[in-house]
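Student: Protein chains in written order, with my numbering: chain A, 1 to 112; chain B, 1 to 112; chain C, 1 to 112; chain D, 1 to 447; chain E, 1 to 447; chain F, 1 to 447.
Don't take each hint at face value.
Said to hold, decoys possible - The list that follows gives simulated cross-link-like pairs (lysine-lysine, BS3-like), each with its CA atoms no further than 25 Å apart:
#1 LYS82(F) <-> LYS82(D)
#2 LYS241(E) <-> LYS22(A)
#3 LYS3(C) <-> LYS3(A)
Hint data in this document are derived by calculation from the structure and do not stem from the laboratory.
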Amino acid sequence: MKKIEAIVRFSKFEDIKEALEKIGINFFTYLEVNGHGKQKGDTVTYRGAVYDSGDIPRMKLEIIVPSEKVEDVVGAIMAEGRTGNIGDGKIIVTPVEQFIRIRTGESGNDAL
Amino acid sequence: MKKIEAIVRFSKFEDIKEALEKIGINFFTYLEVNGHGKQKGDTVTYRGAVYDSGDIPRMKLEIIVPSEKVEDVVGAIMAEGRTGNIGDGKIIVTPVEQFIRIRTGESGNDAL
Amino acid sequence: MKKIEAIVRFSKFEDIKEALEKIGINFFTYLEVNGHGKQKGDTVTYRGAVYDSGDIPRMKLEIIVPSEKVEDVVGAIMAEGRTGNIGDGKIIVTPVEQFIRIRTGESGNDAL
Amino acid sequence: MLLAYLQSTITPTAQETVDQALAAAAAAQANVDKALEAATAAQTSADFAQFTVNNLWILIAAALVFIMHLGFSALEAGFVRKKNVVNILFKNAMIICIGLLTYCLCGFNLMYPGFAEDSSGFFAFAGFGLSPGPDDMTAAYADYTYWSDFIFQAMFAATGATIVSGAVAERIKLIPFLIFSTIFVALSYPITGSWKWGGGWLDAMGFYDFAGSTLVHSVGGWAALAGIILLGPRLGKYTAKGIRPIQGHSMPLAAIGVFLLWFGWFGFNGGSVLSADPELVSLVFTTTSLAAAAGGIGAFVCSYIMTKSHDLSMVLNGFLGGLVGITAGADIMSITDSIIIGFIAGIIIPLSVTAFDKAKLDDPVGATSVHLVCGIWGTLAVALFGDCDDCGSFTAQLTGIVAIGAFTFIVSFILFYILKVTMGIRVSAEEEERGLDMAEHELRAYN
Amino acid sequence: MLLAYLQSTITPTAQETVDQALAAAAAAQANVDKALEAATAAQTSADFAQFTVNNLWILIAAALVFIMHLGFSALEAGFVRKKNVVNILFKNAMIICIGLLTYCLCGFNLMYPGFAEDSSGFFAFAGFGLSPGPDDMTAAYADYTYWSDFIFQAMFAATGATIVSGAVAERIKLIPFLIFSTIFVALSYPITGSWKWGGGWLDAMGFYDFAGSTLVHSVGGWAALAGIILLGPRLGKYTAKGIRPIQGHSMPLAAIGVFLLWFGWFGFNGGSVLSADPELVSLVFTTTSLAAAAGGIGAFVCSYIMTKSHDLSMVLNGFLGGLVGITAGADIMSITDSIIIGFIAGIIIPLSVTAFDKAKLDDPVGATSVHLVCGIWGTLAVALFGDCDDCGSFTAQLTGIVAIGAFTFIVSFILFYILKVTMGIRVSAEEEERGLDMAEHELRAYN
Amino acid sequence: MLLAYLQSTITPTAQETVDQALAAAAAAQANVDKALEAATAAQTSADFAQFTVNNLWILIAAALVFIMHLGFSALEAGFVRKKNVVNILFKNAMIICIGLLTYCLCGFNLMYPGFAEDSSGFFAFAGFGLSPGPDDMTAAYADYTYWSDFIFQAMFAATGATIVSGAVAERIKLIPFLIFSTIFVALSYPITGSWKWGGGWLDAMGFYDFAGSTLVHSVGGWAALAGIILLGPRLGKYTAKGIRPIQGHSMPLAAIGVFLLWFGWFGFNGGSVLSADPELVSLVFTTTSLAAAAGGIGAFVCSYIMTKSHDLSMVLNGFLGGLVGITAGADIMSITDSIIIGFIAGIIIPLSVTAFDKAKLDDPVGATSVHLVCGIWGTLAVALFGDCDDCGSFTAQLTGIVAIGAFTFIVSFILFYILKVTMGIRVSAEEEERGLDMAEHELRAYN
Ligand SMILES: Nc1ncnc2c1ncn2[C@@H]1O[C@H](COP(=O)(O)OP(=O)(O)O)[C@@H](O)[C@H]1O
Ligand SMILES: Nc1ncnc2c1ncn2[C@@H]1O[C@H](COP(=O)(O)OP(=O)(O)O)[C@@H](O)[C@H]1O
Ligand SMILES: Nc1ncnc2c1ncn2[C@@H]1O[C@H](COP(=O)(O)OP(=O)(O)O)[C@@H](O)[C@H]1O
């Protein structure tokens, strides 16, 4: 099984959610994170002092899927999450060794 | 070493913490996340519009442990985190390649 | 590629950010987490009741880097994030199987 | 002829002067009438000015009591968890609506029924709705108009139910709570209120409660207690491993609430003078503020001794304890008395909060400690410290506390009990875990 | 000789007495003058006391209207997303500055120009700046001083622009918005205001608007509507898949805002009596509060029927709807009328919010529903419910609504249009996604 | 016989009339007395009405000054980091307690000691506690009662310490801070206050400070400065790499605080008229509001020029700068003067904040810029703009600023220094990093 982490735009989150549902991904975990990036040269001003900050709040999705579903999920996120402008975000796939449903103790694909 | 991620109920967090302490896990990291799930058919109503949302805030624990401790930790979380109702959450185990204590530079099990 | 997760002090975050920039790491993701630790024996008092809590808010950085850069990044974080006192935090390195830029579909090191 | 001549020569002189004198007297008389009229007019104007300023103060006090509803909302919202914030705000928003409308429908006329001479002073009702006569807008009615009277009292009425909402927070079902609040504000509060402020039997026996330590605060506290008992504690509060504090989600919100409550209390106590009388209103402002300040210090000291901590939640409740404590006697206490009363109320707070927790009576915001316990304390303090003719005796004060407490507690208990067995008063465990915001309102407080 | 003798013997007696009488009369007269003087002095004192209390109320009312700006700021901040909070606070902070300063520069003299006898009552201007004569500080001016008049009216003036800021939130550029607000508050609002409150043509034809359902609230609503139309909806609100609600980021903040608005409304409506008249001010407090409460219930009931939910955002807007609805006739309505007017306003809110959304007119805080729609309703309600000589006829009310609405909408539309084609009024999509806080202010609301 | 006959025939006529006249005069006289009495009674009533309205305004002003403590709490809480919020709220809650209680114990009698004729006017003390005579509740005392005087002044007293709490936030130890505040409010503030408001030597030499630009605001600012110097900056603020801004955690909270401060300032300045005098109070409301508005614009313009940004934190502080600036002369300035004074105060804010930062004096909320610098500016502005007989000369104003500044700064410095060497005034680096909420209170602000 794989863990797919996607760091996406806030404004694309709802669309991605729907796209995932269409391909049968009904469960995942998400949270707000901050993206640090140098390119923007953005500044923050507070009480007379200006300083650089290219940090933008972003949404991070964490989805555990069977290995064979990775491609579909990546495809769905790419399709709905893209605007073509800088800042669309990243997808990271990492290996999962165990995945267990706490309620029943089922593990692996059964736990999905 | 392994990284154990557990997505659990808020209301079980304190119990799990205590259970982990009992088996010698005194350090871990946790944060609030949102669980997306289709099953509830929950709705959100705001200013006259209703829309679906099965999203529930949940607690996520991240625990780095020696490989041989994984079973104990999973067992402890399963024992204390279970209510038997839908929504008890998941445990995910992933491989860790390096684990370093910033203060001393110790790594691996020494860093725990 | 590797994913480096670093759990560090709030007060060291800006310094680490600058150190990372110096070694060419301009992009990463960060978020606030809570560190649970037993050592402090800290207590929380609320409306007349006292209870233990060694929990401290911390900053977590997640950085995807080419495998060969791991050492540099770990070194930079260690150099800037250390105070020598308990609570400096941890660095965790885990394997990454895929890394994709949503905007272009580039993957691997090209996506960085 | 001589006579005639004489008369004609003599009289004119005197007569003329006499006529002058008469005319002058008449003129004086006329002017006197004008002066009297002018003086009367001036008096009328002065009286009207006095009436206007008295009335204005009652209205401003009503606005200040109104802002206490924001105070309660913010305090309670701050002391519950993030997942129950919308629910507590919704309840408080509804309570002010219910309070004003039912008080208009029947509460006012239940609370001020104008007991008949031979009435036992337990219950009377002056009819539905409000129908003031033309005189009721003048000083013939009181130092304020009928409408001022109504709106000031109506703002008071809703506070009772607000007290309940905090104590039963995070687990009560919305609709049963609203039904309870409606009946409580429409009937129970005005009936016990009539016993004293409506000129009923407690008033006759010499019970003293200036602005409502018992009539408003304890009453709310007793109803809260009934609710707490029947509801049971929040899940996870009292575990096998001991008491697990469930922290409120926002201290700034709670602090805003408490400061606004203090601010509103200037109207609550100050307005209860029922005129802008300079001496009394300024005394009430002073005793009220000093008691609140002493309450804060008392709670600080006591909680520090108990837990060696600087516990903001206790200090905030200490302010409120001091305010509730002084409310029964704010118009009769000396500076020193009011500081002592407030300080003791402050000390009571941490002790009471801990005692309720030991008894496993779960009150998320400490409403029972603040309003019930300190309300009783304040009412008794009138007998202990008060030094005036009409200050109630210890017996009178105790009778009032017990009678009103028993009535309110029993009525509330029965009401909550009926609601419990019919529609249920507690949300399911799953809903409670999820939070009432999503379960009852499908809306999150923060996004 | 006899005569002389006679005279000398007779007269003294009478004469003496006569002199006495004369003296007495004179003395009485003198005292009468003193009494009259004293009475006049007392009258002057009484009148001054009355003047002082009337004036004080207008000033306190001005302070209460000021706090409505905090109410609007909190409400609007609560109803936008976390990323646009600094922006909405900044706009509201600027509006109060702009409002006060432009009203001082020209607004006051545009709104109260003292139309000449033969004026058509459409436009007049009494000159830049403020220059009261010495008499303008006495009762010769009004029941309050010139400065009280100015500051009370100036606090009103800024509310119009505040209404706009909520409706166009989360996408408008800062500087164009501030330019619009300046011109709107400095010129458009005072001109339409002069038609009624300045004694212009609408006043002459019998249009009735006590405290500004139309003159303040609808006016703000029309300007908001023009802005909304020209700006377009927020990105992602109306999608191919339907309407996607964009939730506000903090319900407690919104609730604080609404309660403070209600609190301030005591000054807004109560102060519009323009004196502390006991009967009228207390009536206005009562009708205002009951309408607000009924509005909350109305919105609750209606939104429950529509969506089967207990929607806090609707109840909060329902309060405001009730308040706006009663504003035009708060001084002439009966208890029952004001409850009905408020209840209907409450019902209007969910219907109107949904209707605007169907029309893809995106208003993040519901300002158009609250201020425009309920403002129109309240103005019409004067004709429907009002029962007095000078309550406007249906025609008069409709004329006022249409005339002021048309003028304001057209002027605002043209203004926004000019700004749109010259400097642009909408931030880029990228800035909108990022949030105006970072894009326009480089500052986050929460850290 | 003839004579007798004559007398008997002549006299009756005249005599009768004379008697009538006499009676009429007497009656008139009697009525005159009644009229005089009535007039006197009316005068008494009118005077009492005037007294009541004057007194009421002082009390309402006291309540408004009270709400400034919530304003300061919210502002300071908003401008510190999330981890120090409970601490700042706790300090502000304690300050109001300490302020009221010590002012009652000794502050009031230190500040208004009633200097003896031949006193040098530097120091006197009227004894511990409060003990008003019966006359002190009547107009014989002043335009308000003794209690009103006390509570209004007591609310003022605590504001000084509140100013300090913001400046030393995020690093000072709780208990030493509370000890400092107690001594500062109990002794230092009232002594310098007595020099002017107590009728001391600065008053005698013609120093003018209407509502306390120097006596309250600068005084707080000087104490803050002493604290800042001895404490040192927060960790990480001034680094080798330059100044690192440490952002406040909640802009909405800060905005709520500032708006409430403005609201409270109506009482602070308006109440300082010490009566409800229509002309003066309305003038003060107007100058105060216009200066605040101009301060907001000034800070906006200046910070925009300096950093090309629309900096909300500056605009909020600009409001406060304008308010502090007008405070010394709010009762004597023209419209134009007050706008200029406020605008300049607004411009000062960003310059001063930057200057303090350059000097590595770390003030998390900008209290020194707002209260110290703008307080000095406002006091000098009285000499520059004021145009009246008793407006202080430049020398008088400067003497007041320097004398009060030197006294306060030295006393505060010594106090903080003693605390520093005995118990320490700064938390450990570890505690500072962890946040004072956990370190000192074991409680988080948000959960
Ligand atoms: N190397 C990285 N490690 C972790 N997160 C990253 C990394 N690079 C980018 N990100 C995350 O992805 C987000 C978007 O990436 P960005 O480079 O801005 O867009 P694009 O992929 O369009 O160039 C960043 O804000 C950051 O959160
Ligand atoms: N495939 C998944 N990937 C990531 N997180 C998941 C996944 N499935 C479930 N979760 C997380 O676990 C939580 C609980 O899972 P759920 O399916 O509701 O309970 P149960 O395991 O009892 O059926 C979800 O809210 C979500 O946060
Ligand atoms: N085994 C672990 N798994 C996950 N997180 C950990 C673990 N051990 C420590 N941490 C995180 O690292 C933080 C700092 O570690 P700590 O042990 O307090 O410092 P030090 O490394 O200096 O001993 C903790 O607060 C916690 O968030």
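Student: Regarding the pair LYS3(C) and LYS3(A), is the alpha-carbon distance no greater than 25 Å?
Tutor: holds (13 Å)
Student: Mind checking the alpha carbons of LYS82(F) and LYS82(D) for me, to see if they're no more than 25 Å apart?
Tutor: holds (16 Å)
Student: Tell me if the straight-line CA distance from LYS241(E) to LYS22(A) falls inside 25 Å.
Tutor: holds (14 Å)
Every hint from the earlier list agrees with this structure, and none is contradicted.
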